[in-house]
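S.K.: Quick note, the sequences are listed as chains S and A, same order.
For the first sequence, the working numbering gives the first residue as 1215, with consecutive numbering after it.
For the second sequence, the working numbering gives the first residue as 10, with consecutive numbering after it.
Check before you lean on any hint, since a few could be wrong.
Straight line, CA to CA, 30 Å or less: simulated DSSO-like cross-link-like pairs of lysine-lysine [unchecked claim]: (1) A:Lys112 - A:Lys48; (2) S:Lys1290 - A:Lys112; (3) A:Lys116 - S:Lys1272; (4) S:Lys1257 - A:Lys48.
These aren't lab readings, by the way, just hints derived from the structure by calculation.
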Amino acid sequence: QLQLVESGGGVVQPGRSLRLSCVASGITFRSSVMNWVRQAPGKGLEWVAGISVDGGNKYYADSVRGRFTISRDNSKDTLYLEMNSLRVEETAVYYCARNGPGYSYGGPFDYWGQGTLVTVSS
Amino acid sequence: EIVMTQSPATLSVSPGERATLSCRASQNVNTNVAWYQQKPGQVPRLLIYGASTWATGIPARFRGSGSGTEFTLTISSLQSEDFAIYYCQQYSKWPLTFGGGTKMEIK
Chain S
1215 QLQLVESGGG
1225 VVQPGRSLRL
1235 SCVASGITFR
1245 SSVMNWVRQA
1255 PGKGLEWVAG
1265 ISVDGGNKYY
1275 ADSVRGRFTI
1285 SRDNSKDTLY
1295 LEMNSLRVEE
1305 TAVYYCARNG
1315 PGYSYGGPFD
1325 YWGQGTLVTV
1335 SS
Chain A
10 EIVMTQSPAT
20 LSVSPGERAT
30 LSCRASQNVN
40 TNVAWYQQKP
50 GQVPRLLIYG
60 ASTWATGIPA
70 RFRGSGSGTE
80 FTLTISSLQS
90 EDFAIYYCQQ
100 YSKWPLTFGG
110 GTKMEIK
């Protein structure tokens, strides 16, 4: 059964850091382009970052470039998002999502995790 | 960045009727558009990719069309389970972007 499970969310003060993880099972993680997408409470979807299958290419939304870092460990089937200098407005559910098969660049997201809630508050 | 604009923001439709949702890209994205459905408290579900290709298990009453900058999701004969929020997404260029969503309400 294909599954993506995020963890690492919680309450953090503005300006602090947090690292999210997403463990994959039942999919060929090392051949999948992976992404992070977030959704603020009551708001729409916002793509945050994407990473190529070997981790050599990383892409970011303008709003997080320079503060967030996406990475992966194919030996552990795990995707990461390191978030620094967090802002109140970045309170959201953070989802990891997989590119559909055959999409080695941008792509549609065919599998999503259940998400992990990040609350940035003093 | 490519801006995806969805209209209308809210659409009130009666069960059994047809619904037409629109998505406009600020520049040419060819057919690199996907549509997602999200119900309250649930994870988004991929409906359509390549502008018009059904994702696995999606009923034929969902039909995607368009290319370039204009895209449409048509839902024929709405079922009760179809009332949700629908998002379009372009994956032609980084950064990937989503539209603001169309909320389907029961009339």
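S.K.: Hinted pair, alpha-carbon criterion (30 Å max): S:Lys1290, A:Lys112. Please report holds or violated.
M.R.: 38 Å, violated
S.K.: So if I understand the rule, the pair passes when the alpha-carbon distance is 30 Å or less; does S:Lys1257 with A:Lys48 pass?
M.R.: 13 Å, holds
S.K.: Quickly compare the C-alpha distance for A:Lys112 and A:Lys48 to 30 Å and report which way the hint goes.
M.R.: Holds, at roughly 10 Å.
S.K.: For the pair supplied as a hint, A:Lys116 and S:Lys1272, confirm whether the alpha-carbon distance does not exceed 30 Å.
M.R.: Since the Cα atoms of A:Lys116 and S:Lys1272 sit roughly 44 Å apart, the hinted pair is violated (cutoff 30 Å).
Going through the hint list in order, the structure does not satisfy hints 2, 3.
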